[in-house]
Amino acid sequence: MHHTLLTIARKLGFFVAVLAGVSLAIIALSRAVPGDAIDQITDTPEHRAELEAMLGLDRPLLAQYAHWWGGVLHGDFGESWVYRQGARVSTLIRPAAWKTTKLILPALAATFAGAFLLIAFFQFDGLPKVKKVVRSSAHVLSVIPLFLMGYLLIMAFNIPTFVLIERGVIGRPSWFALPGEEAWLKYVLAVVTLAVGNGTLSDVLLHLEAEANQLIRQEFMVSTRARGGNFWSHFIPNILVPTTTIFVNKAGFFLGGVVVVEYVFNINGIGMMIWRAANLRDVPLVIAITFLVAALVAFLHLFGDLLQVGIDPRVREQ
Amino acid sequence: MKSRRLSSLLLVIALGVLIFPAEEAAAQKALRYAEDLAPRIVNPLFTTTMSEIRMNELIFDSLFCENYELQMVPSLVQDYVFKKGGTTMDLTLRSDIKWQDGTPLTAKDVVFTINAYKNKRTLSPNARQVAFIKSATATGERSVHLVFVKPQDYPERRLDFQILPAHKFKSGSYVKRNDPFKNRPIGTGPFVLTHFGDDNSITLERNQYYGKQVSIPAIVMKEIPDKSQQANLLKYESLDLVVKVLPKDVAALEENRKIELYPYQTNSWWYIGFNLRNPLLKDPRIRRAIACSIDIEELLKPIGTGDILSGPYVKSSPYYNHDPDVQPAHLDLARAEQLLMEAGFTRGAQYWEKNGKPLQFKLTVPRNQDSAREVVLNLQTQLAKAGIKLDPSWENDASWKKKIWHDRAFDMVLAVWTFDAKEDIYEQFHSKGAKNFVSYHNPEVDRLLDEGIQTIDPQKRKEIYRTVHRILNQDLPYIFLWTLDSYSAISTRVENVTIHPFAYFTFIDDWVLK
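Protein chains in written order, with this note's numbering: chain A, 1 to 318; chain B, 1 to 514.
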């Protein structure tokens with residue numbers, strides 16, 4: 001019990017340290033990159049000093065950092081400097097975060113569900129040629145870069161649909177044309193792209209399959225099978241630990257991928273917003289998004305670690 | 001059997017996706033246009049980007065505006081009294097103008113707008129627009145008395161800034177950037193902003209108080225960063241208007257019967273700027289040698305059509321110097337060779353060399369400059385053939401401004417300047433100009449540019465700027481390249497379209513949406 005509490009306390013401490021470090025690093029980095037927000041909102045050099053004072057850029061770095069934390073502790077991430085001048089950062093982030101969540105969660109679920117289904121399929125006896133084709137296809141599809149897969153999917157839907165509309169075969173669907181309309185199909189295709197492209201599916205499949213194979217070869221699993229016991233009741237709890245680790249690691253990777261996917265599918269989520277905000281040197285917006293994403297990733301790691309502590313007695317002992 | 005069933009099921013699903021829910025989108029009743037980047041603020045006091053300028057044109061009006069003949073005519077003004085060369089002007093506003101909330105336009109609004117621009121605490125990047133006005137006073141409900149800093153010959157040309165509603169601002173003439181007005185701006189223009197979308201779109205509806213009948217019931221501005229995607233969406237009828245088409249998309253759109261391409265002039269030109277602080281580029285022989293090593297026509301061909309220029313004005317400008325001895329830079333490798341030899345260079349195996357070092361420059365280019373990649377590649381090849389090494393470096397907007405404008409850390413730049421109807425090149429070429437990052441300094445040009453601002457006689461001003469054009473052509477702080485023919489692509493659903501060269505939506509009142 002004592003060990004468990006100590007482990008939890010250590011991991012929580014690490015979580016807080018990561019957030020403090022990340023926020024400081026971003027503020028320092030925003031100072032180091034060439035160019036600033038003032039150039040984006042005026043081309044009048046004589047206004048620079050006043051605008052620096054207005055935005056707080058004339059204060060020392062640590063003072064800016066302390067001021068920023070003061071706001072964050074009150075739930076205030078400040079105002080956007082350039083992207084939507086004067087708008088509350090939290091107001092801008094909320095709808096964008098929801099859009100990105102609608103991409104990432106289904107994409108993560110799709111990747112893992114797809115990987116598990118494929119593993120289950122590969123475990124059954126028979127159909128060796130079909131298995132080979134399915135395995136190769138999964139890997140080939142998965143190596144397509146996100147942007148290419150996105151553009152190909154858009155074209156695959158737009159071109160034939162336009163032909164059918166022009167010939168009067170069908171009416172104009174509400175989602176047409178991609179990615180101009182805010183429609184469900186756009187999100188489905190974006191989720192598929194994120195779930196499969198850039199080697200995601202292939203990577204998860206390889207890792208999970210290796211873990212599954214290792215687990216199946218373990219003595220207790222072999223004897224369970226030999227005894228005719230319930231294979232799945234042993235397999236599922238034991239595969240959960242490595243799955244959690246892979247899941248947590250992939251979540252961070254997905255957050256990186258959304259920048260490309262949101263650009264291609266014209267979805268104004270967190271990825272698109274941070275890309276634009278960074279180009280415009282909108283420091284409060286960049287810091288807030290990076291901080292929240294870092295917090296989410298750190299939280300997922302913490303969650304994964306704690307889950308392992310809960311599931312696996314060996315981790316508790318360590 | 002099983003595979004047949006599976007195929008049938010997949011076909012049904014595919015048709016379902018295509019057909020359901022097949023309906024005529026409500027957006028068809030609106031004019032839908034795309035911007036690469038949505039307006040960052042909707043308030044003319046703080047406008048800096050073209051998308052913001054276009055949005056303002058839909059919502060706000062100015063005292064005077066241009067008609068189809070590009071002559072300044074009263075817009076919000078009914079009558080005015082002005083004597084040429086005078087320092088005062090009396091305006092009477094129209095009595096039928098109302099703000100989009102139904103409040104009548106008054107003289108207070110005009111005075112407030114001028115004072116808000118001028119207020120130093122407002123920090124308006126556009127304060128220069130009203131710098132020629134010394135004071136503005138409301139002399140009646142609809143009467144304004146303006147006093148100018150200097151005598152004016154044609155102040156109507158400068159009274160084209162947009163007027164704001166005084167009653168919507170509570171803090172006197174000091175307007176903050178985060179004033180709530182930006183969330184619900186109102187003007188006297190043809191459209192009212194009704195909605196900011198989560199996807200960064202902006203919806204506008206016809207202004208019921210607008211004095212003139214407008215055919216277009218609503219407008220939707222969509223943010224689509226990729227210009228090729230904009231062209232595709234126009235082709236698929238998901239958009240009605242693309243403001244500026246990439247040259248590579250022109251041919252495909254031209255063939256489409258449902259799209260009309262509208263060529264329009266922009267007062268913008270491409271140039272290669274030299275950093276005159278660089279000891280090598282300070283030498284006019286080196287600059288001229290570079291100019292003589294470039295075939296400008298060949299650089300232009302792959303990216304479109306346009307006019308090759310000899311100076312800082314487009315050919316339709318009254319200030320363009322058409323004298324036969326003021327010619328654009330042109331390819332003359334023999335002259336380039338002679339000039340480089342005079343400057344002490346010898347031809348090495350690949351490049352010209354001096355003290356064992358090759359003649360080499362870094363060319364800095366803005367990353368978001370359309371078609372610049374083709375130009376840079378061809379320029380690099382042309383200069384390499386002439387024995388000059390060019391290393392391109394691409395910068396995004398923020399680092400461009402830092403490196404070029406502030407640090408002046410560059411050898412050469414390839415970029416574009418865009419001007420409004422005033423064509424004021426003071427900032428670029430006066431030694432005190434804020435945008436003179438090439439550090440050009442010619443006392444004669446300084447004197448002429450100062451004189452040009454002061455001169456009220458249009459004929460005399462024309463002579464002054466034509467002389468500046470000639471001097472810049474000789475001094476070569478820039479290699480003036482070309483002005484590109486711009487095309488706007490608009491669905492044939494939209495009729496009676498005229499595009500103003502500098503203020504895109506000026507004539508939208510007369511556009512008709514089928």
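No lab work stands behind these hints, which were simulated from the structure alone. All C-beta atoms, glycine included, are put in the ideal place defined by N, C-alpha and C. Don't take each hint at face value.
With the C-beta cut set under 10 Å, the calculated list includes, among others, these residues of chain B facing chain A [unchecked claim]:
#1 THR48
#2 MET50
#3 HIS145
#4 VAL147
#5 VAL149
If you want the footprint, here are the derived chain B segments under chain A, 3+ residues with CB under 8 Å [said to hold, decoys possible]:
#6 192-200
#7 225-233
#8 279-285
#9 302-316
Interface hint status, MET50(B) versus chain A (Cβ within 10 Å): Violated: closest Cβ of chain A sits about 14 Å from MET50(B), beyond 10 Å.
Claimed coverage, the stretch 279-285 of chain B by chain A - three or more beta carbons nearer than 8 Å: violated (count 0)
Restraint check, 10 Å cut-off on beta carbons, for THR48(B) near chain A: Status holds, d = 6 Å.
Cβ contact check, 8 Å cutoff: the stretch 192-200 of chain B against chain A, three residues minimum: holds (count 3)
Per-residue hint verdict: HIS145(B), partner chain A, C-beta under 10 Å: Interface hint status for HIS145(B): violated (28 Å vs cutoff 10 Å).
8 Å C-beta criterion, at least three residues: is the stretch 225-233 of chain B covered by chain A: It holds: at least three residues are needed, and the stretch 225-233 of chain B offers 5 whose Cβ sits within less than 8 Å of chain A.
Hint check: 10 Å Cβ-Cβ cutoff, VAL149(B) to chain A: Given a least distance of 17 Å, the restraint on VAL149(B) is violated.
Hint validity - VAL147(B) Cβ closer than 10 Å to any chain A Cβ: violated (23 Å)
Given coverage of the stretch 302-316 of chain B by chain A, checked by CB-CB distance under 8 Å (3 or more): violated (count 0)
Of the hints listed earlier, those the structure fails to meet are numbers 2, 3, 4, 5, 8, 9, in rising order.
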